[in-house]
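Using the sequences and the hints, build the whole thing.
Below are the chains, spelled out letter by letter.
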Amino acid sequence: MTTFKFTQANLEKIEQETKKYPVRKPAVMAALYIAQEQNGYISFEVMKEVADVLGITAEEVLGVVTFYTMYHQKPMGKYHIQVCTNVSCMLRGGYEIWNQVKNKFEIDHMGVTADQNFSLEEVECMGSCGTAPMIAVNEDYYENLSKEKVEELLDSLKGSN
Amino acid sequence: MEKILLPEIKDFHLIDVYASNGGYNSAKKAFSQTPDEIIDQVKKSGLRGRGGAAFLCGLKWSFMPKTTDKPKYLCINGDESEPGSFKDRQIFEFNPHQMIEGAIITCYAIGAKTAYVYIRGEYHKWIKLLQKAIDDAYAKGYLGEKMKETFGTSFSCDVYIHKGAGAYICGEESSLMNSLEGKRGYPRVKPPFPAQNGLWGCPTTINNVETIANVPKIIEKGWEWFSKIGHPKHPGTLLFGVSGHVNKPGVYELPTGTLLTDIIYNYAGGIPNDKKILCVIPGGTSMPPIRGDKLEGVRMDAESLKEVGSAIGTGGVIVMDEDTNLVKVLARIAHFYHHESCGQCTPCREGTGWLEKILKRIIAGKGSTSDLDLLITVANQIEGNTICALGEAAAWPVKFMVERFRDYFEQRVSKENSLPVANKVHSMRETAFPLADVKN
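Taken in sequence, the protein lines are chains A and B.
Each step along the first sequence adds one to the number in my numbering, with nothing skipped, and position 120 is 124.
Each step along the second sequence adds one to the number in my numbering, with nothing skipped, and position 336 is 451.
No lab work stands behind these hints: they were computed from the structure.
Where hints are given, some of them may not hold.
Stated by the list, open to error - Selected chain B positions facing chain A (in silico; Cβ < 8 Å):
(1) Ser200
(2) Arg204
(3) Gly259
(4) Leu295
(5) Val357
(6) His360
(7) Gly365
(8) Phe451
(9) Glu455
Idealized CB from N, CA, C, for every residue including glycine.
Next up, the structure:
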């Protein structure tokens, strides 16, 4: 079992975050994002380290990790593709796009391709209703999509590997 | 019509452009008055919350205790997770400084030294945009210690962003506070209300991003001006986010009381291929839907929508044309609330799952007429029996959709289908022994 330690630069980032609040605990959410970026996903070792850095218990960290959907407890793909299928997107073809992406990579919700390059998530409303349908790749939104545009986007991601 | 929140000025999001158009003058004006005078003006303006409940903003502020040795906090709710709602991101992107200025004035009015803007985690881009605006405001001396000099006042405040991590429920105010404290986002039992016992047990006010962004204009132009815009009982403009089957989806800033048909046909460009409208959800998926044949004369403000049995919510208008499969839409809505139920209260945790299962059974072609009654029964047992309003949010769309589109749903279920499980539960309830008998 490998142990996880924050890099010095990341420790400083977390310290910066704690300064926003009167106590250290609220920085747990930011610390988990930073940990996820450094480690790729959030393991129990990561949770212990976050707990130690913030002076809270590992159980408290676990509680936070399991409550929010954006913290991943297993490694996701290099490109984490999120497709919204909620009502506004659904009315404008969200499910067609969802199926298109699913078939393209032959993975399902929260699945990861064998080469670890792509993972897929069916997400709830991303606040992109006026520009539906949409896909988010990691942190970036791609909006007003059509079947062709999706194909183009996915191919460009595949090509960049 | 004049735009209050999203003026058509090029590069208005830049601090210099904002300042050269009179930006941050309202804050200066506010500091020449007492906090009570500010609260009084906002009260008189009639500004109501834009987050869904449409509660009177000034009244909410006045709940903050005047004498307390605890620090006070302002939370600005930018969680914006209600499906159909995408207005706050426009403010972050196109007019962030008006929100920051609103935060300064609100902090001063309620006596808070710190404001947290809670933004949903998926909004990476908009978090960066707002952070840039906040950094600029610090650099120009509109925030932090330097603002004392800039505004010539003894007051100072800080504005921070707290990034969420993907949970619809964190838009509920008490859940938002728990999330901000670094906990699971469970809603809290009220009372005590945030004004007494909020963040870290201290007095806290929570307002929506759009509400706060209105404040500088009220201070600048006066409450009388504001109170004359739109519907007298719900004045101002709203950011209507129109989505679904319309030609020009997007956010339209219009006075409250605008005709719904005006929004759909004139601003959003009507329905593709001139189809008829089957259903409109006027304020985000949790609000009761309106039938397409009952849209004439419906005005978009809290009072008028109440009269037609719906609510303004976040102003997210979702339009569905005549070819929409409403059962699938409703099942998707039910799935959403099942997914987002935090699990604290049994009626919501279990009930939302049942709503989804029953609707999926109808989609599978195995639904019966009794299922429609069962849906309403389950919805009624969720509504009012939970800590927070997610119970209502999950129950309302199902209950009102089935009630108002009964004919539509009845065509998609069969009278013959026998449903042993569901019916058994009902029959058991009717014939069960009274509790006292069981004990003996």
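Quick rundown of the hints versus the structure:
At a threshold of 8 Å, the smallest CB-CB gap from Ser200/B to chain A is about 7 Å, leaving the interface hint in force. A hinted interface residue such as Arg204/B counts as satisfied when its beta carbon comes closer than 8 Å to some beta carbon of chain A; here the least separation is about 6 Å, so the hint holds. For Gly259/B, the interface hint is violated, since its Cβ never comes within 8 Å of a Cβ in chain A; the closest pair sits about 12 Å apart. Because the beta carbon of Leu295/B sits about 6 Å from the nearest beta carbon in chain A, less than 8 Å, this interface hint is met.
Taken as an interface hint, Val357/B checks out: its beta carbon lies about 7 Å from the nearest beta carbon of chain A, inside 8 Å. With 8 Å as the threshold, the beta carbon of His360/B comes within range of chain A, its nearest partner Cβ sitting at about 6 Å, so the hint holds. Hint status for Gly365/B relative to chain A: holds, with the closest Cβ pair at about 5 Å, below 8 Å. Among the interface hints, the one on Phe451/B holds; its C-beta lies about 6 Å from the nearest C-beta in chain A, closer than the 8 Å criterion.
Given the 8 Å rule on beta carbons, the hint for Glu455/B holds: about 7 Å separates it from the nearest Cβ of chain A.
Violated hints amount to a single one, hint 3; each of the other numbered hints is respected by the structure.
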